[in-house]
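From first to last, the protein sequence lines stand for chains C and V.
For the first sequence, our numbering begins at 102 and goes up steadily by one.
For the second sequence, our numbering begins at 193 and goes up steadily by one.
No lab work stands behind these hints, which were simulated from the structure alone.
Among the hints, erroneous ones may be present.
[To be verified] No farther apart than 27 Å at their CA atoms in a straight line, the calculated lysine-lysine pairs in the DSSO-like style are these:
1) C/K172 <-> C/K161
2) C/K172 <-> C/K187
3) C/K201 <-> C/K187
4) C/K191 <-> C/K161
5) C/K187 <-> V/K423
6) V/K390 <-> C/K191
7) C/K172 <-> V/K423
8) V/K533 <-> C/K179
9) V/K390 <-> C/K201
10) C/K191 <-> C/K105
11) V/K262 <-> V/K215
12) V/K560 <-> V/K533
13) C/K172 <-> C/K105
14) C/K201 <-> C/K105
15) C/K201 <-> C/K191
16) V/K423 <-> C/K191
17) C/K201 <-> C/K179
18) V/K474 <-> C/K161
19) C/K161 <-> C/K201
20) V/K474 <-> C/K172
21) C/K161 <-> V/K390
22) C/K187 <-> V/K390
23) C/K105 <-> C/K161
24) C/K161 <-> C/K187
25) V/K215 <-> V/K474
26) V/K560 <-> V/K390
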Amino acid sequence: MPTKTVTGVEVDVTDDGFFTNPDQWTEAMAPELAADEGIEPLTDQHWQVLRFMRSEYAEKGTGPTVRVLGKTSGVTVKELYQLFPKGPAKIAARIAGIPKPRGCI
Amino acid sequence: MSHRIVILGAGTGGTLTANRLRKAYGSDEATITVVDQDDQHVYQPGLLFVPFGLTHPEDIVRSRQRQLHKGIDYRQSPIDHVDLEADTVHLADGSTLGYDVLVVATGATLVPEETEGLAEWPPNVHTFYTVDGAARLEQALAELDGGRVVVNVVDMPIKCPVAPLEFCFLADWFFTDRGIRDRIQLTYVTPLDAAFTKPVAAATLGGMLDDRGIELVTEFNTGEVDGAGGKLVSYDEREVPFDLAVVIPLHGGQAYVGRSEGLGDELGFVPTDPATLQSTVKPNVFAIGDATTLPASKAGSVTHFEGDVLVENVRRFLAGQDLDATYDGHANCFIETGFGKAMLIDFNYDQEPVPGHFPAAVGLPLLKESRLNHLGKLMFQWFYWHALLPGRDIPGVGSHMPEAGKTTTPS
Ligand SMILES: Cc1cc2nc3c(=O)[nH]c(=O)nc-3n(C[C@H](O)[C@H](O)[C@H](O)COP(=O)(O)OP(=O)(O)OC[C@H]3O[C@@H](n4cnc5c(N)ncnc54)[C@H](O)[C@@H]3O)c2cc1C
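Just chain V, same shape as in the assembly (with noise of 0.2 Å):
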């Protein structure tokens, strides 16, 4: 009998999954169906490099179909909810999908609405979280002459969560560049209590701020974005003023998760067995990406190597075999620190990023700035499109982090 998959989502974990199953299955074996509310696939990483006219919207969106490989159906409509009990996915269309195995791949939103003055994005208060935002942001940045900028995370979790210290550093180098740095007051503000939350890499993040004459404000929880009073105010009453606010607003999982009974937890993402990733709702119920509650950033790399263990157990389960436990949290971010520089890091759940090289001993250094680590960030644009989501495997680096070439042992 054919194995019904159903793939919720088609951005990095739907499409990358869809495509390495539908090479472990013959097109008798399995039916592989995706949902997707929309057919821009967006190259997240990207941007970062948008409000700087490094690049622009149009190069980094794609049609999400075009990722998918011959023998998958894709099926465009917003998903409405999911019926666990009757495992059968309701879209918005008003058509249905039942299953024998669901990947849930919808990723996480920002729910702005969740700050007092947020939502209403007034004129000097931005983001770059999303392809308009970082468009509009582009805009404002080249008008701007002087003034306090401030770049504000809301609270954790967040995707990517480097990628607002990155919009420091280019922002550092933007204003440089432009020859008006000395005119502009650069401010990290953050709920954190350091720079980043691993102790290694947080005290040299935050070294690098202080290099680059950025401030950095900790245990910041903002409570509300006073746009026209120009200023942040945490919900312990402290302020910090603006000219130009860059904010990161919270992340939930999707509305519809909310609207499923039993699938997520509070904030909307689905809790997930860390190891499996096998949800811990339901066992034909898998998740992958910035939807599960994985102790894990929410980022394409990770997403990239959860792929391998969860396309391996998405074929036990059906086969009836127990489930491999092997994914250990692998993260592998590239840190773009301006001045045509970026920096490695490479961590799981256990091993903080720490200095050396990566996969081995010869190989690109580990948070350290280098020239051959900013081709590296550039070169994965490629690599996103062409080996990613396809689901090519890449010649020496495998889904578990590589121990050699890091400079202490795990802890």
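Next up, chain C with everything else stripped away, as it sits in the complex (with noise of 0.2 Å):
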């Protein structure tokens, strides 16, 4: 299993670099993993999305797609993209450290 250093800690993640153990992360990880992914500064719009992230994944066990998010969180899909360009529902799930969401079959 890989690992990655984040604001000094090791933490587990896969080799897409999702979050395998979502206890692992903390809230100052997030500037530094959105960086990774070429998102700075972190905006309250985008801090908005990533604890929906978060709260989903406690209460149902899988992170939301695009579209669910687009219903539920209170940003519009349009806006979803802009914050997170090249698939919000993935780049979310890895700032938010989170598991990738299993999407549908």
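Fit the two chains together into the complex; they arrive one by one in their own frames, and the hints show the way.
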């Protein structure tokens, strides 16, 4: 299992950079994880999405898809793509320290 | 005391459930009531063939009511909402139905209005996911003599995730047959990172697109369908130009689910236990087919295999027994590949589609094109009306996925 060092702390991640243990994540890690994705600085709107991702994960055991995010997070799909270009669900999941959203079959 | 069973929807799942339950209970043991909004039962797999003139709308639509066995009450009215607390269904005609067990079988609906520019269906933008759309597309394809044809899945989930690929293969055959294939540029545009969701099948299907000169555009999240400008625009501002677009719109649960407090999730699907088919919203509510949140394809074959476990569990629930938790996600799809051939895939929650034979070492070839599979696909329509809906078992094919005949063991 690969690991990665964020804010000096070693965390477990998958090959494509998703946390495998969301409990290892702290809010302090988010700015550094975001910078790795080319997102700087994190705005309040970014945080609104990240906190939403965390709570959805805690409740349902999987992160939401972009479509569900657009319906329930208070941020529209268009805005989500402005905040997290190239795939809001995946990128926000990496920054929020939760596993890859399961998506659909 | 007689049980009151109410089934919402008389499509694939509602019809087969009602017919099987009618066999399981004598008329003094249970009343079975089925509700639907119209009397047009569409054999939906047939929609794929309509645009190419291979079948016609009148050949794939039958009366809903006539597919239901004697002793089943049929109520024709739109459903307004379900009151979960009062165990009551409210119909749009103002009447109400109380139940001991409710089975939700109202399927999925198309929501083109959630994609900019799509709900207007501009003249160069089509779909084959409805009877009217498929008929309109037939005309457009007959008149087309060249240009860029784009097939786009807006986002998952959709009904029958292989149907858009089959459309590409058939379009390749259709234009070749008409002698204009060299004047048509065919492109498949998907939100997925490959041609299909499951890796082994995705590689095979991707290779088949390539062989036929069909371009594949992946990870494209359509934000806008611009008919006048002739282009698809993604949320991350990529563009795919077209002269004719065939779009599979977003799917959701039915609007009444949203109006029924506590019944559905954000998209209007009913949260359902993947092994028992009991809803997680209330113990006396079950769900089957496209209406559920199961991590399985939204397909008629899935609905069919679910039927076994669902009917058994309704019976157990009403008898106060523990439920049977054995639905394994079994799905089985014929994939029409053009030129009189088709492929078969067979899979479940854990086992992805792999090569081999179905249902055992001697049988239909899996993940491989053959004429036999094409005949299988055509036979399916007969089977649908005469065996699947009436609730007859098929000899040799149970509801659980067979492992014999597959070239790898489940992971
Ligand atoms: C183009 C296409 C190709 C397909 N090809 C295949 C294939 O090759 N193989 C395969 O296995 N599957 C295929 N499918 C999928 C298959 O048709 C569906 O998965 C299956 O029909 C689902 O059954 P269901 O009972 O869940 O929903 P449905 O059969 O769609 O039934 C839902 C019913 O609920 C009713 N309803 C909805 N809302 C209300 C309301 N408010 N009030 C009253 N009634 C309501 C509807 O009128 C409808 O009759 C295809 C689908 C499409 C669109």
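Hints violated by the structure (listed by number, smallest first): 8, 13
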